[in-house]
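Novice: Since chain V is already given, all that's left is putting chain G on it; use the hints.
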Amino acid sequence: MVQEINFDFRKKILDKHISSTISYCYQCTSCTSACPIADITDGKYNPRKLIINALLGLTEKIFVDKDPSVWDCTQCCTCDEICPQHVKLTEIFAFIKNQFAERHEAPEGFLGEARAVYENGLAIPMQSAIKRRRDSLGLSDPPEFDYDELKDIMKMIGLDKLVKKVDKEDNAEGEN
Amino acid sequence: MQALLFAGCTISNRLPFLEKSARLVFKDLGIEFIDAPFTCCPDPVGVQAISEKTWLTLGARNLCLAEQEKKKIISLCNGCSETLIGVKSCLDHDKESLNEVKKVLSKKGYDYKGTSETFHFIRSLIEDVGIGKIKEKVKRPLKGLKCATHTGCHYMRPSDWIKWDDPLEPKYLDVLVNAVGAEALDYEEKMLCCGAGVDRTNNEVGLEVAHRKYKGATEADANCLVVNCPACFQQFENTQRDVSKKYEEKYKIPVFYITELIALAFGYNPEDLGLRYHRNRPKKLLKSIGIEDPQ
Numbered sequence: 620m621v622q623e624i625n626f627d628f629r630k631k632i633l634d635k636h637i638s639s640t641i642s643y644c645y646q647c648t649s650c651t652s653a654c655p656i657a658d659i660t661d662g663k664y665n666p667r668k669l670i671i672n673a674l675l676g677l678t679e680k681i682f683v684d685k686d687p688s689v690w691d692c693t694q695c696c697t698c699d700e701i702c703p704q705h706v707k708l709t710e711i712f713a714f715i716k717n718q719f720a721e722r723h724e725a726p727e728g729f730l731g732e733a734r735a736v737y738e739n740g741l742a743i744p745m746q747s748a749i750k751r752r753r754d755s756l757g758l759s760d761p762p763e764f765d766y767d768e769l770k771d772i773m774k775m776i777g778l779d780k781l782v783k784k785v786d787k788e789d790n791a792e793g794e795n
Numbered sequence: 014m015q016a017l018l019f020a021g022c023t024i025s026n027r028l029p030f031l032e033k034s035a036r037l038v039f040k041d042l043g044i045e046f047i048d049a050p051f052t053c054c055p056d057p058v059g060v061q062a063i064s065e066k067t068w069l070t071l072g073a074r075n076l077c078l079a080e081q082e083k084k085k086i087i088s089l090c091n092g093c094s095e096t097l098i099g100v101k102s103c104l105d106h107d108k109e110s111l112n113e114v115k116k117v118l119s120k121k122g123y124d125y126k127g128t129s130e131t132f133h134f135i136r137s138l139i140e141d142v143g144i145g146k147i148k149e150k151v152k153r154p155l156k157g158l159k160c161a162t163h164t165g166c167h168y169m170r171p172s173d174w175i176k177w178d179d180p181l182e183p184k185y186l187d188v189l190v191n192a193v194g195a196e197a198l199d200y201e202e203k204m205l206c207c208g209a210g211v212d213r214t215n216n217e218v219g220l221e222v223a224h225r226k227y228k229g230a231t232e233a234d235a236n237c238l239v240v241n242c243p244a245c246f247q248q249f250e251n252t253q254r255d256v257s258k259k260y261e262e263k264y265k266i267p268v269f270y271i272t273e274l275i276a277l278a279f280g281y282n283p284e285d286l287g288l289r290y291h292r293n294r295p296k297k298l299l300k301s302i303g304i305e306d307p308q
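The listed protein sequences derive, respectively, from chains V and G. The letter at position 71 of the first sequence is residue 690 when you use my numbering, and the numbering goes up by one with no holes. The letter at position 34 of the second sequence is residue 47 when you use my numbering, and the numbering goes up by one with no holes.
Next up, chain V with everything else stripped away, as it sits in the complex (with noise of 0.2 Å):
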């Protein structure tokens, strides 16, 4: 199957500050020797592929296709350590991950955390059962935090649109 290149998106993967060291990466397998998620799905997810579709600019695979799926990476940064050309791998599929947000197309299981920190401050926001437990442990109330002020650097920033629920056809329109 013929498969487009995205140049606009090789352009930003090789122009990000960190990620750029993806053009060092000569296909070794050193990374997917070294994943256990490679081991434990039989080779279904391959950073190595992942870092290939990138660096070739083919973005069907990686958004459509998700074959690999960059969200089977467990973030254990082993490839990190293993790779001989110190390709930045777990940096690249954060930048993946962020396009996938980009085009509201991320998983719940992540972009639900980053709606829980826009919406409370933080992730994991206290519950009266837990301050009860910490009561009867003699622990103090955690610190006191600014949301408003939170609230306004993540608007600065535009998380607020990225965690927005977007209506899936509008979004599809959208991408045409």
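Heads up, a few of these hints could be off.
Sample of chain V residues at the chain G side, in silico, Cβ under 7 Å [said to hold, decoys possible]: (1) I656; (2) C695; (3) C696; (4) A713; (5) K716; (6) I749; (7) R752; (8) L756; (9) P762; (10) L778; (11) L781.
Under the rule of at most 20 Å between Cα atoms (straight-line distance), these lysine to aspartate or glutamate pairs were calculated in the DMTMM-like manner [unchecked claim]: (12) G:K228 x V:D658; (13) G:K184 x V:E700; (14) V:K685 x G:E217; (15) V:K635 x G:E196; (16) V:K635 x G:E113; (17) V:K750 x G:D48; (18) V:K685 x G:D173; (19) V:K685 x V:E724; (20) V:K631 x G:D107; (21) G:K121 x V:E768; (22) V:K750 x V:D760; (23) G:K40 x V:D760; (24) G:K121 x V:D765; (25) V:K780 x V:D754; (26) G:K84 x V:E721; (27) G:K120 x V:E768; (28) G:K121 x V:D767; (29) V:K780 x V:E721; (30) G:K108 x G:D173; (31) G:K152 x G:E305; (32) V:K770 x G:E113; (33) G:K66 x V:D767; (34) G:K116 x V:D779; (35) G:K116 x V:D767; (36) V:K770 x G:D124.
Hints are computed from structural coordinates only; laboratory data are not their basis. The beta carbon of each residue, even a glycine, is placed where N, CA and C say it ideally should be.
Specialist: Same frame as chain V, now just chain G:
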């Protein structure tokens, strides 16, 4: 030296008993601290995946607050320490991101200088306190505890950022376990991730990661798992039942945070530490090595 203690939201708002043991141990060892004036690191897995800019900027805001206090941060969590150390490292090396972050933060009156220092608490125990002092305080060696130790990934990786312990064969968790009289074991899959990262989107793979861990620990004759990260702690507490069901094997291995073991060895009782809040209750195991709450 006074430090800023940063428990992070998983510990303070879900697993406060871990914080309890850490506070007791630090106090006994003479680590002086006040609470860090921030609450969200933010998470290097969840938040960074959605918006690296948010991760960098909120992380840098925390570092600004620490800079104002002129104190080192001691973090109780792998994720929080990775974020605070990683954000500083990224901003040290990436001028473009640094300028963007500084511009946003300046609107709120912050001036990021890049002078902060963050230690994972294991590093503080080893470098600021020293293993000799810890050994001196042991009143009750935990002989009989056979520990499958698990540092978790973000304790020492990526090493480009963290520069502490060995990125592929970390040793200091084992050193601490042995210092309190318990035994740190070698076991198959010792270096395997806890699986919490992949579990968010792929539960089947997440459970297989945990399964391999429990199998390796059991085959090595471990009677407990010992961790230094609240995310790994939760993953191991929460998946044993599902793994047992799925694989028709029985796992009910108690999980300890390393500061809980140190506190027990220093003479604190399970009740003082809130060990009753563990899902896989360690009561029977502790009784077998002679540790019980006074009647």
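Novice: Now tell me if each hint is right for this structure.
Specialist: Structure-based check of each hint:
no.: 1; hint: I656; in the structure: 6 Å, holds
no.: 2; hint: C695; in the structure: 4 Å, holds
no.: 3; hint: C696; in the structure: 4 Å, holds
no.: 4; hint: A713; in the structure: 5 Å, holds
no.: 5; hint: K716; in the structure: 4 Å, holds
no.: 6; hint: I749; in the structure: 6 Å, holds
no.: 7; hint: R752; in the structure: 5 Å, holds
no.: 8; hint: L756; in the structure: 5 Å, holds
no.: 9; hint: P762; in the structure: 5 Å, holds
no.: 10; hint: L778; in the structure: 5 Å, holds
no.: 11; hint: L781; in the structure: 6 Å, holds
no.: 12; hint: G:K228 x V:D658; in the structure: 16 Å, holds
no.: 13; hint: G:K184 x V:E700; in the structure: 17 Å, holds
no.: 14; hint: V:K685 x G:E217; in the structure: 17 Å, holds
no.: 15; hint: V:K635 x G:E196; in the structure: 46 Å, violated
no.: 16; hint: V:K635 x G:E113; in the structure: 14 Å, holds
no.: 17; hint: V:K750 x G:D48; in the structure: 17 Å, holds
no.: 18; hint: V:K685 x G:D173; in the structure: 29 Å, violated
no.: 19; hint: V:K685 x V:E724; in the structure: 12 Å, holds
no.: 20; hint: V:K631 x G:D107; in the structure: 16 Å, holds
no.: 21; hint: G:K121 x V:E768; in the structure: 8 Å, holds
no.: 22; hint: V:K750 x V:D760; in the structure: 8 Å, holds
no.: 23; hint: G:K40 x V:D760; in the structure: 18 Å, holds
no.: 24; hint: G:K121 x V:D765; in the structure: 12 Å, holds
no.: 25; hint: V:K780 x V:D754; in the structure: 38 Å, violated
no.: 26; hint: G:K84 x V:E721; in the structure: 37 Å, violated
no.: 27; hint: G:K120 x V:E768; in the structure: 10 Å, holds
no.: 28; hint: G:K121 x V:D767; in the structure: 11 Å, holds
no.: 29; hint: V:K780 x V:E721; in the structure: 9 Å, holds
no.: 30; hint: G:K108 x G:D173; in the structure: 17 Å, holds
no.: 31; hint: G:K152 x G:E305; in the structure: 15 Å, holds
no.: 32; hint: V:K770 x G:E113; in the structure: 17 Å, holds
no.: 33; hint: G:K66 x V:D767; in the structure: 18 Å, holds
no.: 34; hint: G:K116 x V:D779; in the structure: 19 Å, holds
no.: 35; hint: G:K116 x V:D767; in the structure: 18 Å, holds
no.: 36; hint: V:K770 x G:D124; in the structure: 19 Å, holds
Of the hints listed earlier, those the structure fails to meet are numbers 15, 18, 25, 26, in rising order.
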